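Q: The lines below spell out each chain.
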Amino acid sequence: MSLTQYIVTFYILSWAVRIRGWVRRWRQPQLRGQEWFFNVHVQPGFYTGAGRKILHAYWMRIFIPSAIDIPVATAIFISGHLLLLRWLILALAVLIHLNHVFSVDLAERQARSFAVPEAEQPVRSMVLSLKTRRLRDYSNRKLEVALAVSYGVALAWLVWYYFAAPDHQNLRLVFAVPIFLLYVQTGMVLVKQMIVAWRMPVPQAQVDEHIAAHEESRKLYLKVCDFGRISCSVAILVWPVLLGASPAHRELFVTLWLISGLVAGVVATVWQEISRKKVLAVALRARPVKLPDLLGQSDAVLGPVCYQPSTPMLVLKGARGYSLNLGNTFAQLSAVYLAGLVVLMVLLRTAP
Amino acid sequence: MILTIDTHDPRAIYQQVADGIKELIARGVLKEGVGLPPVRQLAADLGVNLNTIATAYRELQKEGLITVKHGSGAVIASSTSAERSQVELLRPLRAALTELVLAGLPSNEILDVVARELRTVTKGSK
Numbered sequence: 001m002s003l004t005q006y007i008v009t010f011y012i013l014s015w016a017v018r019i020r021g022w023v024r025r026w027r028q029p030q031l032r033g034q035e036w037f038f039n040v041h042v043q044p045g046f047y048t049g050a051g052r053k054i055l056h057a058y059w060m061r062i063f064i065p066s067a068i069d070i071p072v073a074t075a076i077f078i079s080g081h082l083l084l085l086r087w088l089i090l091a092l093a094v095l096i097h098l099n100h101v102f103s104v105d106l107a108e109r110q111a112r113s114f115a116v117p118e119a120e121q122p123v124r125s126m127v128l129s130l131k132t133r134r135l136r137d138y139s140n141r142k143l144e145v146a147l148a149v150s151y152g153v154a155l156a157w158l159v160w161y162y163f164a165a166p167d168h169q170n171l172r173l174v175f176a177v178p179i180f181l182l183y184v185q186t187g188m189v190l191v192k193q194m195i196v197a198w199r200m201p202v203p204q205a206q207v208d209e210h211i212a213a214h215e216e217s218r219k220l221y222l223k224v225c226d227f228g229r230i231s232c233s234v235a236i237l238v239w240p241v242l243l244g245a246s247p248a249h250r251e252l253f254v255t256l257w258l259i260s261g262l263v264a265g266v267v268a269t270v271w272q273e274i275s276r277k278k279v280l281a282v283a284l285r286a287r288p289v290k291l292p293d294l295l296g297q298s299d300a301v302l303g304p305v306c307y308q309p310s311t312p313m314l315v316l317k318g319a320r321g322y323s324l325n326l327g328n329t330f331a332q333l334s335a336v337y338l339a340g341l342v343v344l345m346v347l348l349r350t351a352p
Numbered sequence: 001m002i003l004t005i006d007t008h009d010p011r012a013i014y015q016q017v018a019d020g021i022k023e024l025i026a027r028g029v030l031k032e033g034v035g036l037p038p039v040r041q042l043a044a045d046l047g048v049n050l051n052t053i054a055t056a057y058r059e060l061q062k063e064g065l066i067t068v069k070h071g072s073g074a075v076i077a078s079s080t081s082a083e084r085s086q087v088e089l090l091r092p093l094r095a096a097l098t099e100l101v102l103a104g105l106p107s108n109e110i111l112d113v114v115a116r117e118l119r120t121v122t123k124g125s126k
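One line per chain: the protein sequences are Y and P, in this order.
Mapping the first sequence onto our numbering, position 246 (from 1) lands on 246, and the numbers just tick up by one.
Mapping the second sequence onto our numbering, position 89 (from 1) lands on 89, and the numbers just tick up by one.
No wet-lab data here; the hints were simulated from the structure.
Please read these numbers as outputs of a predicted model, since none were measured by experiment.
Errors might be hidden in some of the hints.
As the list claims (entries may be wrong) - Distance condition first, Cα-Cα at most 25 Å in a straight line; then the derived DSS-like pairs of lysine-lysine:
1) Lys290/Y <-> Lys53/Y
2) Lys62/P <-> Lys223/Y
3) Lys62/P <-> Lys22/P
4) Lys223/Y <-> Lys278/Y
5) Lys31/P <-> Lys131/Y
6) Lys223/Y <-> Lys131/Y
7) Lys192/Y <-> Lys53/Y
8) Lys290/Y <-> Lys223/Y
9) Lys192/Y <-> Lys278/Y
10) Lys290/Y <-> Lys317/Y
11) Lys131/Y <-> Lys69/P
12) Lys219/Y <-> Lys31/P
What the hints assert, rightly or not - Derived contacts from chain Y toward chain P, CB cut-off under 7 Å, selection only:
13) Arg124
14) Ser125
15) Met126
16) Val127
17) Leu128
18) Ser129
19) Lys131
20) Thr132
21) Val191
22) Pro288
23) Pro292
24) Leu295
25) Ser310
26) Met313
The C-beta atom is built at its ideal place from N, Cα and C for all residues, glycine as well.
Same shape as in the complex, but just chain Y (with noise of 0.2 Å):
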């Protein structure tokens, strides 16, 4: 199996992941019955009146991203540089959940005003947990100690590997794919922090629920983080094999690692799903209600952007919908991330 046969057959993967996705926020609105439209307790009548279209609407623009996709792919498929479908991959990963985040943000928004409006009072009382949340609860400690074996391990090799005949070795090929993933899975434990210090704001009522619903969301994204380092790491370990490989042996290991692949994506996929579906049954227990603002930021107008450094929330919501914090420690720290994984990529192309 070559490369551009991996990429297709993936492309082709994310298609039946994504119609996945679709019935999943298809249903989303209407999840917690036909009293409420997404977390908006909704009126009498509401699906029947003004909510039908504010529904519709929603659901048209779940199919933004692919309706992208398909011009796109078409264009990538007709010049024959099949190998630019990887990146249109990555980008609609982002931008599928994007777009989602804004939808549902606005039809949130659009249903407001239909609502039922006890229901729109925020609550008096906010209960504050004051358990510290740190990286290391959250983490596997002999998960942990593999990953940093298994790197220890391929780099020590790989550093053996070049010197051992260093008028031979060519320093990109020997460690430009180590260190690239060894960055990307330092992304990830950022990512990591992120989700641990995602604020939890729960309110008196149901205590136990909203702490367990929080709890189960983070725990899950954690999971998917730590599948993601897995990953990385089982291609920095397979990187010395193919490289010590004969010529005949190594396309034959290339072809189990990329089809491995495939199935460890699936297999993921599908455990995800039915992650979610916990997750999912955990947060239906915890009725949604309208936490007080204390920062006095709903009636604010804020761009996309912001910059509040005595607000220690990555994510701030205005009269607007959601501005990113550019004050917030992660943000900053994102964007060194960002620009330090251009400065890598050109690095390690320009590399001898």
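Assemble chain P onto chain Y, guided by the hints.
A: Okay, now just chain P, sitting in the frame of chain Y:
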């Protein structure tokens, strides 16, 4: 280990946070040496400015109830380090009793109220 913040409470948010932590210390829920979450985490969870929580922590530190060490964060202090004069401790009690007397409550009812509140505050403490 949870605090409740009431938006209709006339006390400022920082005061509610400080009072809530004090109550948890009095009830023995927060014991000596237990670490409190970083200011950033509490402020983000509650959706308030960093200064709000920092002010609450400063007040607790001033009263000797917590110690703040650079790098390790805020920790519940030992009970001996929170020594304060009796006059200072009795001042808020006297003010509260004055309020109850002015509200027209008879002495025996005030004693009942004080006993009940004391039981609530020390519930769970040894």
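Q: Going through the earlier hints one by one, which of them does the structure break, listed in rising order?
A: 2, 7, 8, 12, 21 and 22
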